[in-house]
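From the two separate chains plus the hints, produce the assembled complex.
Residues per chain are reported as follows:
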Amino acid sequence: MKSLIRLARLGITVALLAIISACATVYKSDNFAEFQARHRTVAILPPSVSINAQSFKAGTPIATIENQQREESMLFMRQLYAQLLARQTKLGYTVKFQDIDDTLALLEREGITQQDMKAMTRAQIAQKLGVDAVMSLRVYRDKPMDTGAAIFSVLIAGASVTNEVQVNLAIHDGKTGQMVWNFDHLIGGGLVSSAEGMARSLMKAISKKFPYNSRK
Amino acid sequence: MKSHISRSIGALTLGLFVLALAACGSTSKLNRTAGTTFSLADYNTIYVADFTDKTPSKIKDEAKLATYRESVKSAGVTFADMIGTNVEKIRTPPSVLRAAPAEGTESSAGKVLRIEGEITTFERGNALAKMLLPFAGSTKFNATVRFIDQATGEKIGEIVVDKNSSPLGGGIAATQTTNKFMSGAAEKVGEQLAIARNGEPK
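For the record, the sequence lines run as chains A and B. Residues in the first sequence are numbered from 1 upward in steps of one, following my numbering. Residues in the second sequence are numbered from 1001 upward in steps of one, following my numbering.
The calculated lysine-lysine pairs, modelled on DSS-like cross-linking and capped at a C-alpha distance of 27 Å, are:
#, chain 1, residue 1, chain 2, residue 2
1, B, Lys1089, A, Lys96
2, A, Lys208, B, Lys1180
3, A, Lys28, A, Lys96
4, A, Lys57, B, Lys1058
5, B, Lys1188, A, Lys143
6, B, Lys1054, B, Lys1140
7, B, Lys1089, A, Lys128
8, B, Lys1140, B, Lys1180
9, A, Lys143, B, Lys1064
10, B, Lys1054, B, Lys1064
11, A, Lys57, B, Lys1180
12, A, Lys143, B, Lys1073
13, B, Lys1054, A, Lys118
14, B, Lys1029, B, Lys1089
15, B, Lys1060, A, Lys143
16, B, Lys1180, A, Lys143
17, B, Lys1064, A, Lys57
18, A, Lys28, A, Lys209
19, B, Lys1054, A, Lys57
20, B, Lys1064, B, Lys1140
21, B, Lys1140, A, Lys57
22, B, Lys1180, A, Lys118
23, A, Lys96, A, Lys128
24, A, Lys118, A, Lys96
25, A, Lys143, B, Lys1054
If you're looking for bench data, these hints aren't it; they were derived computationally from the structure.
Okay, chain B solo, but in the shape it has when bound (with noise of 0.2 Å):
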């Protein structure tokens, strides 16, 4: 009896722990516009813009809701610079700018594409909680990636990243941070780039 009982715990253990191990949220595959001529691989130059801040505000406290958007535009530029160097990694890369382009860019360095989006939803969490109880405290990292020609503003593509910690908590979770979630989705852009510029994989 006592040995079926253990088994059983070590079982239901085991089960909790490859769940909890599973990825948690996504990142899409890049949706093309519909009608879209444009190529992915015509650009010689990518320029990856800053990520704006469109998360709903739930702070009162004003001070609070002032560290948090802070937080919110500081993850921006994180992300930003993340896609940029993983952008840099692909097969013949493009050049890569952190900037917008100085006027006559588009002559020089040939078709600019612009990389730019929002974050929808960053939050923070807390880490013990998280450790302690199942969903509790959760992590969420949500943005749009646009993939933008610069010269005439229209949209070629889109990438949608939905990132959360595992709801069952435990350790795994504890350490589930936005800026994992911020480096495995930009890992995603690139990777998802280089398949539209080169049809490569990684």
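Isolated chain A (complex conformation) (with noise of 0.2 Å):
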């Protein structure tokens, strides 16, 4: 009885820890290098955050997980740029990047919203830009697990899945608006992971599988 025991709980932290580093999905279109050698600045759009509501407490006001998913995408924009600066001198990446706050500047001059930019192509928003790729992150958040039942998890199994963050990352090339490289990365974070330390290994990922490595 006791090595069933053992066994059941050796197989649910195997299957815990299976989701916590899931590989990410990375695809390339076939004319990548033709693209890559046109390629001279990408710009990074706003991303778009989505946190599940039933994340929160019931009855937490709309606004207040709105407010939530805008500071996060700010905080998931500059992270990237952040994690994509520092690579490229160490890698030296074949592009330069847009400074976020001129594409942020630019596209509220043009009165470009999130909005808007669904109803847009990549090209015609790389046009606006003036740049000749634009890289767009989805980021979609939730919490499987609440705390108390985390901890529980911790006691039983050794492991839990409080925190899941997917991200999917896609370039576009700004002349014919056509998605030329995407990132789709799904984790879970224990007990003691937080959003921000995820969307911070998160972006890391990112950076090291960009396409634009003057050494691939």
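Laid out in structure tokens, this is it:
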């Protein structure tokens, strides 16, 4: 009986660890090299962040959730920009990044909101920003277990899934609007994980896989 | 005797583990509307509309219900985003829009295909209950995905999504979330569209 419990516990832990260290899915268009040769400047668009409302206490005003999504959008944008700049000198990317403050200012000057961007092709947005390619980041966040359940889960199985973050980063060619690269990654965080910490590690993972690497 | 019991327990555990790993639920193939003459290969632009909430309401508490509705609304946007991304992975991809195209798009960007639909079941479940008990706290995600000719409003085809977490519970079930289900279903929608357009396996 003892060995059965030990086996079940091991199975649960392995499965939970599997989600924590899940692999990323990367898509690269067949003719990416042609785009890479042409691309000089890339703009990072303001990320769209979606947090499952059921992660919050019931009755939390929608405005509070939307505010947090807006704040996290800026956090992710700055984290991504910082990680890419940090790796640019190390890995020698073949592209430069438009300063994110310039991108935000240009979008505001043109009166383009996130909602407006949905009805525009990426080529149209790139044209407005004067760049060769645009990067769009989408982040989905959930909290499958509340803290109490997570503590219990750690006691029983030795692991928990307290946070779940899925990121999808797409790079579109500014001339044709074609998606040339896509990175999709879902990770789960344990009891001591934080949204900020997970954002940082995800942005780091993106910068490592970033395709404009001159050494590849 | 002891080794026989432990062998049986081992075989049973392995069997349950395989069952738990097995895919739960499905995403149907593209079912074309009988008699439609439209070809999915003819569209240069695809507009993916946010999915609407058609889930039945079981929640009595008003605050919880409002939170649930917001959660499903947001899932409708997320699912459409995921479909849009997978459509863009098709060879010779069409332009993808996530909001209704402006008047006159038909003439400037060619024919427009609208992908729309509704979420019919959205149950987040309970990760802890799923982990500890079989048949408890299941996660469910059901949706209908329709392919519509934007100009005429005629339905060209439909895909039915019916996903649920492993009924056996355990660690695998605990990590099966609505996000994972939407992601898998969106990938299948992209694949089906790719096959219908180019006859290609991705």
